[in-house]
Amino acid sequence: MSDRQETETIIHRLIEPFNKKGVSLTEATTFAGDLEWDSLTVMDFVAAVEDEFDIIITMNMQAEIETVGQLVAAVNKLKAA
Amino acid sequence: MTDSIDITDRHAPTQDLSGAPDRDLMSKFDGLIAERQRLLDSGVRDPFAIVMDEVLGPTEAVIQGRRTILLGTYNYMGMTFDPDVIAAGKAALDGFGSGTNGSRMLNGTFRDHMEAEAALREFYGMSGAIVFSTGYQANLGMIATLAGKGDYIILDADSHASIYDGCAMGNAEIVRFRHNSVADLDKRLGRLPPEPGKLVVLEGVYSMLGDIAPLKEMVAVAKKHGAMVLVDEAHSMGFFGPNGRGVYEDQGLQGQVDFVVGTFSKSVGTVGGFCVSDHPKFEAVRLACRPYIFTASLPPSVVATAATSIRKLARAHDKRARLWENARTLHGNLKALGFTLGTEQPESAIIAVILPTQEEAVGMWQALLEQGLYVNMARPPATPAGTFLLRCSLCAEHTPEQIARVTDLFAAAGRAVGAISTNALERKH
Chain B
1 MSDRQETETI IHRLIEPFNK KGVSLTEATT FAGDLEWDSL TVMDFVAAVE DEFDIIITMN
61 MQAEIETVGQ LVAAVNKLKA A
Chain S
1001 MTDSIDITDR HAPTQDLSGA PDRDLMSKFD GLIAERQRLL DSGVRDPFAI VMDEVLGPTE
1061 AVIQGRRTIL LGTYNYMGMT FDPDVIAAGK AALDGFGSGT NGSRMLNGTF RDHMEAEAAL
1121 REFYGMSGAI VFSTGYQANL GMIATLAGKG DYIILDADSH ASIYDGCAMG NAEIVRFRHN
1181 SVADLDKRLG RLPPEPGKLV VLEGVYSMLG DIAPLKEMVA VAKKHGAMVL VDEAHSMGFF
1241 GPNGRGVYED QGLQGQVDFV VGTFSKSVGT VGGFCVSDHP KFEAVRLACR PYIFTASLPP
1301 SVVATAATSI RKLARAHDKR ARLWENARTL HGNLKALGFT LGTEQPESAI IAVILPTQEE
1361 AVGMWQALLE QGLYVNMARP PATPAGTFLL RCSLCAEHTP EQIARVTDLF AAAGRAVGAI
1421 STNALERKH
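Chains B and S, in that order, are what the protein sequence lines are. Those letters in the first sequence? Residues 1 to 81, by my numbering. Those letters in the second sequence? Residues 1001 to 1429, by my numbering.
Quick caveat, the hints were computed from the structure, so don't treat them as lab data. All residues carry an ideal CB built from backbone N, CA and C; glycine is no exception. Just so you know, not all the hints are guaranteed correct.
Stated by the list, open to error - The calculated label-pair distances, taken between Cβ atoms and stated as ranges, are:
| hint | chain 1 | residue 1 | chain 2 | residue 2 | range |
| --- | --- | --- | --- | --- | --- |
| 1 | B | Lys21 | S | Pro1280 | 40 to 46 Å |
| 2 | B | Ala73 | S | His1317 | 34 to 40 Å |
| 3 | S | Ala1314 | B | Gln70 | 50 to 56 Å |
Unchecked claim - Only pairs whose alpha carbons sit at most 35 Å apart, straight line, appear in this in silico DSBU-like list of lysine-lysine:
| hint | chain 1 | residue 1 | chain 2 | residue 2 |
| --- | --- | --- | --- | --- |
| 4 | B | Lys20 | B | Lys77 |
| 5 | B | Lys79 | S | Lys1223 |
| 6 | B | Lys79 | S | Lys1149 |
| 7 | B | Lys77 | S | Lys1312 |
| 8 | B | Lys79 | B | Lys20 |
| 9 | B | Lys20 | S | Lys1224 |
| 10 | B | Lys20 | S | Lys1312 |
| 11 | S | Lys1149 | S | Lys1090 |
| 12 | B | Lys21 | S | Lys1223 |
| 13 | B | Lys21 | B | Lys77 |
| 14 | B | Lys79 | S | Lys1335 |
| 15 | S | Lys1312 | S | Lys1335 |
| 16 | S | Lys1187 | B | Lys21 |
| 17 | B | Lys77 | S | Lys1187 |
| 18 | S | Lys1223 | S | Lys1312 |
| 19 | S | Lys1090 | B | Lys77 |
| 20 | S | Lys1028 | B | Lys20 |
| 21 | S | Lys1281 | S | Lys1312 |
| 22 | B | Lys77 | S | Lys1281 |
| 23 | S | Lys1224 | B | Lys79 |
| 24 | B | Lys79 | S | Lys1281 |
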């Protein structure tokens, strides 16, 4: 499994507890629009992602991340840093 | 600070997600307008239309012709009608006029601005004090100015809107940690690069649930990672710690917090904000801080009342004791009635009654108001996930009779909406 696939699998797993509507996930799935997350859910989810990968996703970075695909890319970049 | 039903008092700004192109910039508020209309259509009176036609004292006002107990103001120490405070304001009004017509930096610093800063230095036992025009601007200005490009701000997720806005105004990198979690703060600080400057922003009392921060552990963690610490003590001034300085003093942290931010609009009983510090270069903030420079200074009467009130607060041991007694009594009474409260024990002068639905919250809020009791209503996203709150904030001047009446009204309203069982000792939720 490539690094990207592995990250994606983990992120899908982390999304599940917050995926109340059971939305099927693609790279283009948006957190605010498709998953309908509010700011509090985003906070909890980001904390879970940060702890899983031992990284920090600053709020400045979060503002640029709208889709699952963008999050996977950002996490991989942060892991490599 | 009015954090009533529609005001997002806390948390990050909510994003507008519609994204639909529309030339009327006001269209973005359609959702808010519709939601408010739905609330009004349900028969509730507009929570934003509360007008105090007469104010009878720190704990009572006349609202729509009805004498109403005020249990939702932040007049913790009941200083608004203190005779010495009023006299100081009147003398300043007579002697210095109604306003300053200028910035603190230019022509807007009068004798009593200096007096207020002197009173703050004495009250906190610190070498520096800067007065801002509001508490909001104090947080906005301090946070945006202290942490610059390349620096990091690490803040509690439940921080007040003014803290978030200070972050948004500046150029630093922003990192959040889970509310009041020492371990979460430690982990996040540990993941940051060691070189950049770091500011950890905390609050003594968090105003939604009235819970206090484990500042002792948090400050130790911040110091371990080489971060500076700013603590907002807006909701604790006057009655936490031996000298009323706040939760940081109560937890034995005098000399360990780099910046303390506070407000005149709560215990002090007027309006304004401030920051105090022992940092030797603290005065430089005045030269760089835009929310300090580019706004008019407070009117002379306001800073005169603030200076007098702060000096009295330093010695207000009886009031302090009465406020704590009131908080303990009401917390105990509401708990005994079966309400779910924001904190297991009375931690501060804020007692939050947690309700599971908006209907119950609105129904109770309205019933209480109609019986002559005003409390604050709050709901998501201002409140922690999925909770609706009726927030009570106590005053040292609430009488035992008022507390008894408040308890009776909560019991009746709680039973009417089904929030508590008719059997007082049996919890419904």
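Structure-based check of all given hints:
1. Here the CB-CB span from Lys21/B to Pro1280/S is close to 56 Å, at odds with the stated 40 to 46 Å.
2. At about 59 Å, the beta-carbon gap between Ala73/B and His1317/S misses the expected band of 34 to 40 Å.
3. A beta carbon spacing of about 53 Å between Ala1314/S and Gln70/B agrees with the range 50 to 56 Å that was offered as a hint.
4. The straight-line distance between the Cα atoms of Lys20/B and Lys77/B is roughly 28 Å, inside the 35 Å bound, and the hint therefore holds.
5. About 27 Å separates the Cα atoms of Lys79/B and Lys1223/S, which keeps this hinted pair within 35 Å; it holds.
6. For a cut-off of 35 Å, the pair hint linking Lys79/B to Lys1149/S stands: about 23 Å separates their Cα positions.
7. Proposed proximity of Lys77/B and Lys1312/S is contradicted: the alpha carbons are some 56 Å apart, above 35 Å.
8. At roughly 28 Å between alpha-carbon atoms, Lys79/B and Lys20/B fall within 35 Å of each other, so this suggested pair holds.
9. For the suggested pair Lys20/B and Lys1224/S, the alpha carbons sit about 39 Å apart, so the restraint of at most 35 Å is broken.
10. Proximity of Lys20/B to Lys1312/S is assessed by CA-CA distance (about 53 Å); at most 35 Å being required, the pair is judged violated.
11. Only pairs whose Cα atoms come within 35 Å are accepted, and Lys1149/S paired with Lys1090/S is rejected, the gap being roughly 45 Å.
12. Between Lys21/B and Lys1223/S the alpha-carbon distance is near 43 Å, which puts this suggested pair outside the 35 Å criterion.
13. The hinted pair formed by Lys21/B and Lys77/B meets the criterion: a straight-line CA distance of about 29 Å does not exceed 35 Å.
14. Annotation: proposed proximity of Lys79/B to Lys1335/S is violated, straight-line Cα distance about 48 Å (limit 35 Å).
15. With a C-alpha separation of about 33 Å, the suggested pair Lys1312/S and Lys1335/S falls inside the 35 Å cut-off, and the hint holds.
16. This hinted pair checks out: Lys1187/S and Lys21/B have alpha carbons roughly 32 Å apart, not beyond 35 Å.
17. Restraint check for Lys77/B and Lys1187/S: the C-alpha separation of about 20 Å stays at or below 35 Å, so the hint holds.
18. For a cut-off of 35 Å, the pair hint linking Lys1223/S to Lys1312/S stands: about 34 Å separates their Cα positions.
19. A hinted pair counts as satisfied when its Cα atoms are at most 35 Å apart, and Lys1090/S with Lys77/B does not qualify at roughly 62 Å.
20. With a CA separation close to 26 Å, the supplied pair Lys1028/S and Lys20/B stays within the 35 Å bound.
21. A threshold of 35 Å between alpha carbons decides the hint, and for Lys1281/S with Lys1312/S the separation of about 29 Å falls inside it, so the pair holds.
22. A distance of roughly 39 Å separates the Cα atoms of Lys77/B and Lys1281/S; the hinted pair therefore is violated under the 35 Å criterion.
23. Proposed proximity of Lys1224/S and Lys79/B is supported: the alpha carbons are some 25 Å apart, at most 35 Å.
24. For the proposed pair Lys79/B and Lys1281/S, the alpha carbon gap of about 38 Å is over 35 Å, so the pair is violated.
When held up to the earlier numbered hints, the structure conflicts with 1, 2, 7, 9, 10, 11, 12, 14, 19, 22 and 24 and fits the remainder.
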